[in-house]
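The opening position of the sequence shown corresponds to residue 1 in the numbering used here, with each subsequent residue numbered one higher.
Rather than coming from a laboratory, the hints here were simulated on the basis of the structure.
A couple of the hints might just be wrong.
In silico SDA-like pairs for lysine to any residue, Cα to Cα no more than 25 angstroms straight-line [as the list claims (entries may be wrong)]:
#1 K439 with F380
#2 K220 with E391
#3 K294 with V131
As the structure is a computational prediction, the values presented were derived from the model and not from experiment.
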Amino acid sequence: MQKYKEFRDKYQTFIYGGYNITEDNEKINIVYDFEVPGLSKFAPTWSFPKKNNGSELFSNKRKFRQMVFSLGLVELISYWKIACPPKVIIKCGYLDEDMINWWKSLYFNGLGEFYYTNGIEENEADFMDIVIEYDDIEKASLQGAEEQIEDEKYVSDSLNGCLVPIGGGKDSALTLSILKDEKDTNYCYIINPRGATIETYKAAGYGEEKVIAARRTLDKNMLELNKQGYLNGHTPFSAIVAFSATIAAYINGLKYIVLSNESSANESTVEGSYVNHQYSKSFQFENDFHQYEKKYIGSGTYYFSLLRPMSEFQIAKYFSKCTEYHDIFRSCNVGSKEDIWCGHCPKCLFVWLILSPFLSQRRLTEIFGRNMADDKEMEFYFSQLIGMEKEKPFECVGSRDEINAAITLTIRDFDTGFNKGDKLPYLFELYKEKGLYEKNLSQCETFNTFYDERHLIPAKYVELLEKLGIK
1 MQKYKEFRDK YQTFIYGGYN ITEDNEKINI VYDFEVPGLS KFAPTWSFPK KNNGSELFSN
61 KRKFRQMVFS LGLVELISYW KIACPPKVII KCGYLDEDMI NWWKSLYFNG LGEFYYTNGI
121 EENEADFMDI VIEYDDIEKA SLQGAEEQIE DEKYVSDSLN GCLVPIGGGK DSALTLSILK
181 DEKDTNYCYI INPRGATIET YKAAGYGEEK VIAARRTLDK NMLELNKQGY LNGHTPFSAI
241 VAFSATIAAY INGLKYIVLS NESSANESTV EGSYVNHQYS KSFQFENDFH QYEKKYIGSG
301 TYYFSLLRPM SEFQIAKYFS KCTEYHDIFR SCNVGSKEDI WCGHCPKCLF VWLILSPFLS
361 QRRLTEIFGR NMADDKEMEF YFSQLIGMEK EKPFECVGSR DEINAAITLT IRDFDTGFNK
421 GDKLPYLFEL YKEKGLYEKN LSQCETFNTF YDERHLIPAK YVELLEKLGI K
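Construct the complete structure from the given sequences, taking the supplied hints into account.
Structural data, given as structure tokens:
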């Protein structure tokens with residue numbers, strides 16, 4: 001908290017100075033201009049391929065420039081948090097009062113984990129003041145009447161098909177499986193491709209020509225300041241996915257942006273608080289983004305999560321049948337650079353536990369390389385996941401209730417199912433000793449019939465879920 005106050009006193013202003021767009025028939029490159037005066041300038045970059053509409057010129061379109069400006073607004077939070085200046089000056093675009101409040105809400109809620117883990121006490125009213133220093137004449141001349149008509153014609157005539165963001169984990173793999181009959185009109189979206197994301201689209205039957213791979217670079221000055229001890233922590237990455245996927249879908253003529261975020265993402269990470277590691281995966285953000293994009297950008301794209309009605313428990317149940325992905329999917333952040341399951345972190349343990357009612361312990365050991373349920377060193381993470389601690393791990397993990405349901409069903413399976421005859425692992429023995437098995441046995445089937453009605457799924461995609469038996 002002391003460091004936070006010192007930095008805010010010393011560096012009182014953050015400037016979003018502008019963005020530069022270069023474009024040819026193959027790609028669109030964007031360079032942003034951020035600055036904390038007296039500390040550093042930052043120039044992060046993005047590159048988007050043009051798989052379709054290569055000859056179309058987007059950089060002069062009002063809607064496209066609004067998308068680029070908006071992506072910069074969510075990108076800037078990674079650089080702002082270095083010193084958390086109390087004033088943010090916007091020099092390259094216009095925001096009215098409602099828009100400013102929308103962005104402040106995203107920043108504050110998306111930084112909940114950052115504040116919590118850094119021991120910072122702050123409130124939404126005072127943490128940031130957004131000031132617009134943008135020439136109204138320039139704003140008015142940004143787009144003429146003819147360009148407005150051309151934009152609307154492009155949106156109404158050209159958008160169809162789906163863009164599916166791929167992260168390399170079980171969730172997006174399941175979405176691809178559900179949409180397997182629409183491969184001809186769909187594309188995969190990947191930011192900075194790596195092993196698991198590449199193997200996922202291949203396993204789903206997509207060729208490289210059906211992949212839109214965006215490139216995002218972080219400014220080296222930010223990375224250096226982090227090493228020097230400036231503030232660092234979690235930012236709402238899924239919001240970056242939302243705004244960048246909108247750009248990728250728009251320039252490639254795609255209508256639907258199909259996320260793989262589940263109902264479980266709505267649960268707070270710190271019990272009884274607003275702090276949620278997965279805030280920008282929550283339905284609150286999904287709905288807020290959907291409304292903001294429609295009102296203030298109007299790209300004609302439609303953003304929703306196909307898995308929103310489902311819990312992590314149900315996703316694991318259906319994913320367990322998608323055997324083509326079992327040896328290639330990866331969700332471990334610790335092992336992401338090496339494209340492995342580290343086998344020692346809370347995310348690895350969560351995925352193990354949530355899959356355990358549906359895959360044998362032997363098969364899970366083959367996938368993860370070790371039996372995490374039999375590892376005494378995982379006991380603290382285990383207690384966090386089942387709700388014995390106030391905090392869940394700061395990872396994308398399921399709700400406390402469904403994790404308990406998964407463990408209870410797995411223990412029961414050691415008597416009757418595919419683990420029959422095997423020794424009960426250490427963590428499951430501990431679970432029984434604490435009396436949790438008997439406590440949860442009567443309600444462990446709840447998540448088999450779970451369905452969250454709060455979603456934005458178009459009717460034709462609801463029908464696909466119904467065919468799976470979901471709803």
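Results of checking the hints against the structure:
1. K439 with F380: Holds - the C-alpha atoms of F380 and K439 are around 20 angstroms apart, at most 25 angstroms.
2. K220 with E391: 32 angstroms, violated
3. K294 with V131: 24 angstroms, holds
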